[in-house]
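Residue numbers (our numbering), protein chains in the order written: chain A, 44 to 835; chain B, 10 to 129.
Treat the hints as calculated values from the structure; they're not laboratory data.
The model shown is predicted, which means the values in this text are computed figures rather than measured ones.
Glycine included, C-beta positions come from ideal geometry on N, C-alpha and C.
Treat the hints with care, since some could be wrong.
What the hints assert, rightly or not - Here are a few chain B residues that sit away from chain A, every Cβ distance over 10 Å (derived from the structure):
| hint | residue |
| --- | --- |
| 1 | Glu38 |
| 2 | Pro88 |
| 3 | His95 |
| 4 | Thr117 |
To be verified - Listed next, the in silico DSS-like pairs over lysine-lysine satisfying Cα-Cα at most 25 Å (straight line):
| hint | chain 1 | residue 1 | chain 2 | residue 2 |
| --- | --- | --- | --- | --- |
| 5 | A | Lys286 | A | Lys313 |
| 6 | A | Lys680 | B | Lys100 |
| 7 | A | Lys211 | A | Lys69 |
| 8 | A | Lys611 | B | Lys126 |
| 9 | A | Lys774 | A | Lys685 |
| 10 | B | Lys44 | A | Lys685 |
| 11 | A | Lys724 | B | Lys14 |
| 12 | A | Lys724 | B | Lys79 |
| 13 | A | Lys181 | A | Lys329 |
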Amino acid sequence: MSKTVKRSIKTDGIENIFTENPVFYKHLIELAPEAIIIHSKGKIVYINSVAKKLISAKNENEIIGKSVMEFIHSDSVPLIEERIKRILHKKKVAPFVVEKFIDLNGEIIFAETKAVPFIYQGEPAILAILRNITDRKKEEDRQSFINNLSKLLSSSIDYKTTIENVVKSIVPSIADYSRIILVDENGTISEEVSYHADPNKLGYVKKLYEAYRNRSGVTYGVGNILSKGKSEIFEQVTPALVKKYNNKDNSLQQIINVLGLTSYMGVPLKIRGKIIGALTFSSARKDRMYTKDDLRFAEEVAQRIASAIENSRLYMRSQKTIEAEEQLAAIVAFSDDAIISKRLDGTITSWNKSAEKVFGYTSKEAIGKSIRMLIPKKLLPEENTIISNIKKGKHIDHYETVRIRKDGQEIFVSLTISAIKNSQGKIIGASKIARDISDKKKIENELAHLASLVESSSDAIWSSTLDNIIVSWNKGAEMMYGFKAEKVVGHNIVDFIVPQEKMEEREEMVKKIIRGEQMDGLETVRITKDKKKIDVSMTVSPLNDPQGKIVGISAIARNITEQKEQEKLKDEFISMASHELKTPITSMKMFLDILSSYLGEKNSGAQTYVKRINDQTNKMRDLVNDLLDVSRIGTGKLSFRKEKFELDKIVQDTIESIQPAAKKHELKFIANNSLPVYGDKFRIYQVITNLLNNAIKYSPRSDKIVITAKAKNDQAIVSVKDFGIGIAKDKQQKIFEKLYQVTDHEERTFPGLGMGLYISKEIVKGHNGKMWVKSEKGKGSIFYFSLQLDQN
Amino acid sequence: MTKKKILIVEDDTDILDAIQIILERENYEVLATTKGEETYRKVNEYKPDLIILDVLISGSDGRIICKNLKADTHTSSIPVIMMSAHPSAVKEYVQFGADDFLAKPFETEELLQAIKKNLR
């Protein structure tokens, strides 16, 4: 062993100095400016005074004999073990490296260390020289943190992203968990970002925050920093300290224990004296106890973060302002409303595109001119009132008035006017938004007109949804049904005015409405508030929304109860009158027969007159019957006694009964098959009689009537053709109307009340058949009617 | 051959007279009355072979008279011909038990045919 030591000392080449002068050697080591430690067999055997100071020992007894490993930080253990091995076995000098140590207070020390082989009391030992670079290292770390921070702070203009990144960069290099809180202008917390090195524990960090934030009167933590704007530090967090501050709340203490808090500091984020947030650092490590120096560093970090946040906020705000201004400019430029600004003396200072359209002046023509050019003379005082209001700071909203266009046309406008202030807040002008409401006014006038028509109408006018909920109800409806609008609107119409027996009919009506059908002159019965039944005639139409979808029902109803009663009275009168007329006809006819038989065959001259009186009496009888039929059709009382019969036979019979009276005309009948139909044969007889009589009557200069009866598909069709005066096109429909009176001079010479065709058509209609005419003026007419063939 | 007896109930005396003249000329024995309420007594006393009955007789309703006659076994077999100027009467006569109906005004021939038919 000594041999190797000797050799190594020899290599150093300074052995003479040491062996010859051990005191000098001791002093040299003792007074060396670097820390020197000698250890042998793992135990420290010597330290100089600088080393004592390095390890925070008061005297060397605290150190001598202790294991060298006690002072080595776990991070450096593998490296140092390796170096010791090399020194001892290979007798080589270990060059300077930075190693981590722990002093007697448990603080981390960074030291540049070099070690050389040594002999202590004849045993191999190691002499280590340590240069304390803790402060330098800390400074370097802080510098690199600051560099990194600066990079982060400038990497994003969104401060929300920034603070998240910042918190993440603090953990774990400076703290085991950290938090940034931001407050808005009112001091209300707006952002909170926490981060923990161990993601499992982040939940506890958040919990702790939630527990604290709502506590009033807390003398430490975020709340305290925000309210006082001062930094705070707990260099060493002990269970006793935690208990002191949280003596009431055991659960919080538990959270702190779980987090293993050992040291804490918190600093405000301030900018120009204004508190904008707080930043906290928490350590869970025994070897990271924050010091006042750390607090100062934390304040520096906070300062940088605060300015970055402020800058970011300012930037975002200015971006918003720029965007808002751009948007505003676009709105003004493309607005449909005329937007004008003017000075208080009325001089126009700005004029947008729509102003050009609305008033007809280009911006060149308008700017610099007086706003008064737009105001009708009679309304000029109005402008003075507006200006004085604006001067008082009043806002004018949707003021409807009249203005004049460049072409002199008056237009209705709606004005919204606000004051324009300069940067000192002084009112210097007014901005004016003018909307051309001429169309709206016109529509409003029309609507008002319509509304007053609806309101003043004596007809009931109402509307409802498709499920019968009443939407509108006019005065007429109130009068007619007795229910006030406020009582019925929003309720189901069926509950008010529809009688039980008309429910089904009404449902059918709604179905038709939904199909888009309109119903005109629908006669039905309704109930009033007094439970009185009234007859109404309704026009019911679907209501469409602007897209054309059917969304409701509109109805106009007229009370026809009186009219109905009048009609009933009239019909009763006609019925009575015809009854009364028939009675004398009955006896007249019999007395004529008696007279005829008294006269006997010899008195043929007198017999002729008797017959003529009888014919006239029969005519009177027929007229009375027609009158009665017309009144029955009007009341829907025309009834039929239907049975199966052969239509062609009835036509034949009718022809045979009329032919004798038609002296001039030959009635020619063409029929080739039997035509079974189901109906009232007496009424059909009446129809054919009427057609034949008309044909004879209206063809005085011809001598032939052609009658056909044929089957076509499932219909039996009878036609009566004459070669008479014919009917003009425009009158061909009218001749079927009730009591149609011809106005033509020529036709007027023909007698008749105009009931025959009306009755005939109604009879055919009552058999589900059709009646129509083909005719040419001057050439003759063909009347047709069809009846369903009865095939069974 | 004994004459057939016909009772006429009709409040219009002109019609009554006309029918009576016509029927007597046709060899019928005729008894006439203008009062509806006398019908039952006349029927019991006179025992007609046929009755011609107006529907609306001042003061009484021919339909009710007919119904009562037809409900009485003594008179139910006597044929009744109802007549009326009222159009709806034609629908009703059967339900009051009448055997035939004549709508006023009718032809003399129709009256005689109806009587002949119902006397058989």
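message = Given the hinted pair A/Lys286 and A/Lys313, is their Cα-Cα distance within 25 Å?
response = violated, 31 Å
key: Given as non-interface: B/Pro88, which should sit over 10 Å from chain A by C-beta   = Fine: 21 Å to the nearest Cβ keeps B/Pro88 off the interface.
Hint consistency between A/Lys680 and B/Lys100 [alpha-carbon to alpha-carbon, up to 25 Å] = holds, 13 Å
key: Restraint check for A/Lys181 with A/Lys329, where alpha carbons must lie at most 25 Å apart   = holds, 17 Å
ask   = Are the Cα positions of A/Lys724 and B/Lys79 separated by 25 Å at most?
value = violated, 31 Å
ask   = Going straight from one Cα to the other, do A/Lys611 and B/Lys126 come out at no more than 25 Å?
value = Cα-Cα ~39 Å, so violated.
ask   = Beyond 10 Å from every Cβ of chain A: is that where the Cβ of B/Glu38 lies?
value = holds, 18 Å
query = Non-interface claim for B/His95: all C-beta distances to chain A beyond 10 Å?
reply = Violated: least Cβ distance 6 Å, not greater than 10 Å.
message = Is the claim that B/Thr117 lies outside the interface with chain A correct, judged by CB distances over 10 Å?
response = violated, 4 Å
message = Please verify whether A/Lys211 and A/Lys69 have alpha carbons no more than 25 Å apart.
response = Roughly 51 Å between the alpha carbons, so the hint for A/Lys211 and A/Lys69 is violated.
ask   = Straight-line Cα separation of A/Lys724 and B/Lys14 no greater than 25 Å?
value = Given pair A/Lys724, B/Lys14 is violated - Cα atoms ~35 Å apart, limit 25 Å.
message = Hint check: B/Lys44 vs A/Lys685, CA-CA at most 25 Å. Holds or violated?
response = Violated: B/Lys44 and A/Lys685 sit about 37 Å apart, past 25 Å.
Consistency with the previously given hints fails for numbers 3, 4, 5, 7, 8, 9, 10, 11, 12, ordered from lowest to highest.
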